[in-house]
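*Asks:* Sequence order for the protein chains is A and B. Mapping of the first sequence onto the numbering used here: position 181 corresponds to residue 181, and the numbering continues sequentially without gaps. Mapping of the second sequence onto the numbering used here: position 71 corresponds to residue 71, and the numbering continues sequentially without gaps.
None of these hints come from the bench; they were simulated from the model. No experiment lies behind these values; they were computed from the predicted model shown. Any given hint could turn out to be false.
To be clear about the criterion: a stretch of chain A counts as covered by chain B if any three or more of its residues have a C-beta under 8 Å from a C-beta of chain B, and this derived list gives those stretches [said to hold, decoys possible]: (1) 3 to 12; (2) 53 to 62; (3) 95 to 109; (4) 179 to 188; (5) 260 to 266.
Note that the Cβ used here is the ideal one computed from N, Cα and C, for glycine as well.
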Amino acid sequence: MKAKVVTSAMLVLLLVVSIASYTGAFEKDGMGKLEYKVYSKDQVMSGAYKVYGNPKLDFWATKTVLMNDGEGTIKNIRIKYSIDNYAPETERRYPLLLPGETIVDLYYPILSSDVTRLSASTPSNVRITVTYEVNGETREESVTKPLSILGANDFVFSSLNPEESTGSFYDTFSNAPLLAAWVTPSDPVVREFADLGNKLAGGAGASLSDDEAIKSLSGMWELAVRNGFSYKTEGEGYWTGKFAEHIMFPRDVIRDKSGTCVDLALWFASLAMSQGLKAYIVLMPGHAFPLIELPSGAIIPVEATAINQGVSFQEAVQIGMEKSWKMAMNGPHDIIDVAEEHSNGIVPPELPSLEADILSKWGIGLNAGAGNAGENGANNGGAGGNGGNPGGGNGGDDVGNGGWDSYHGTYFSFNYPANWDAPEDYGGYVYLLSPDEEFEFIVLYSRGASVEDMAQAFEGSLVDAGVEITDRQDGEASLMGQSVYAVAYSLRTDYGKYSAAARYFTANGVGFAVIYDFPAGNSEYNQMGEHIVETFNLGG
Amino acid sequence: MKTIVTLVILLLLAAPLVAGEVKIVEYKIDGTMKVTLDNVGNAHVEEAWHLTPNLYLQMKETYPTTYMLRREFENRRSDTEYRDMKIEWDDSNNGVKATYTMLGAAINRGDHWELDLGDGDMTLSSQNGNTVVLTLVQPISGGDGRLIETATIVLPDGAKNVGIDGGMLRYELPDKENGRNPAFLGLAIISLVGLILLNVPLKRGGE
């Protein structure tokens, strides 16, 4: 009986304890204790202001860390953020914060587009307010952190605080992907410049084929050379990543006709992308240059700073390949896929509208008088439009009307019959055709090309065009009072037999081929060709 | 004859560029990761990367100190606090080993918890009880490389209704706040049954 009583007592005790435990009667009536830390960026870049509001890009402005160091649960946590004048209040909510739990909340501010009007760093504040409930009581904590809104052209290479950074390349340039926001292929100014370059190239559809793309890029490059674009060296401290650096939008490069290596890389990448090509920016210690992907997928590096020397596009690619790319591959570097970054959300800001004819107001044009490397003054804009006929009666009898006009191009000039259509410059070659279309006068020119390059290119293209070279006699002929390499060709074409006379030479780093062709045996056109060649002169 | 000219210029321009082509090479790292989540959403992580010998040397050159390499681990989740980060180069196996704790890795949404698995591609390999095995592919080094990891995620005991939705691993835990642990309820029932059996006279045959 006694055992039964003891066992029953024990079971009653167990029952009571179990029920009490189940209902939480033994739990302490603990109180939650909120500990918090707020980390804040010192600055945001106006030029890349759209990235901050996109959580996927993870360029947060403020990080709030909440910890519950108490023994009770904290409820209904609300975190409010705002940036004075530039971002309205936003709120984030968390229902519970258990004892020992941590919440890390990131603030991605949706900044007003007004920030793009800032031309210099402007002080502001991030305001953070945390409200929460502990044991039925509502509490609030507020923090204010200073924030600099940088000017639209200011770029900070590193997102790390000085105390965090090791000074390594990757730490110093951790913000590199944001450079994609400075690549503006849709900017009307960029598109207009690209269109003008294409016009210079004789019309090119860059996305159609590699050849067309190269033709288009060469035209844009040539336009910049003609307009005297130059490379501006970076100032001291530019590459340290410690300070906000002035990065120009491509339209600024076009306006100023100059830029640092970063500016020129962004400018040329923008031009290429405006024509439907993919572009990359290679960043390495102390330098930057663009890569352009051709329609076939082939990628070419372009040393954009070579614009300073007025070299040809081909030479800029050659320098890019032999120097810039090799240097980049031999050390730390970052390759920014601009199209991918744009699709990720790193996109340019809205830029102010400019007048439709802004390029001409800035002195940019096919007929720019800036010249390149001091070689050429006026260029082909004067075609057929100069006063008088320098040749006077020269050759007048040959053409039957006694009149000649002069063509003045970037690199050379020559006379042609006044009653013919004016020669046209297609960017790389100037073309003159007789009214009966039986006589052609062509001057090819290419920076950096040798005599052999010019001859090989011409002859190779004849073969590709289905023209058979039945005879080839090389020797020397006179041009501008000097003896140059010359070739007389006999050609078989679909239109019959033709003759062609070509003179190849180089001058001031430019390769030239002065060629005319005519139906075989037509001595009038042969003499016409020689007359025109006699008037050929270097200089615009 | 007019067609010749166009070809001439294309040839002139194209010829020097054929040799100018370059290749952008993306590198790849294989890895394994074991993530053990505690009851308050903190993740205790053991991670190992396996590299090719060449890439291993490049990485050591790029990141001469493990402090610099640390950012490659931490940059994958900004919305956590990293603690106790330990990283070791493993020269013998061309590998990197890391252990660390991520405070606030999983977020308490009241009726469930969410663990962000990142924006990369992911494939669910298996799910057995409170253990989930995934393959995660994530960009590293600012997109220059890809990290392909087999991640084993061990959820807290009692996790239920586990599922993955939109890059989030979702699970539920027993509500601790009201202390209603079903074990105590079971114990109470057993005590009650014992008391009844002991004290309530039962009719037995012959009595």
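*Asks:* Please write out, lowest number first, the hints stated earlier that are contradicted by the structure.
*Replies:* 4, 5
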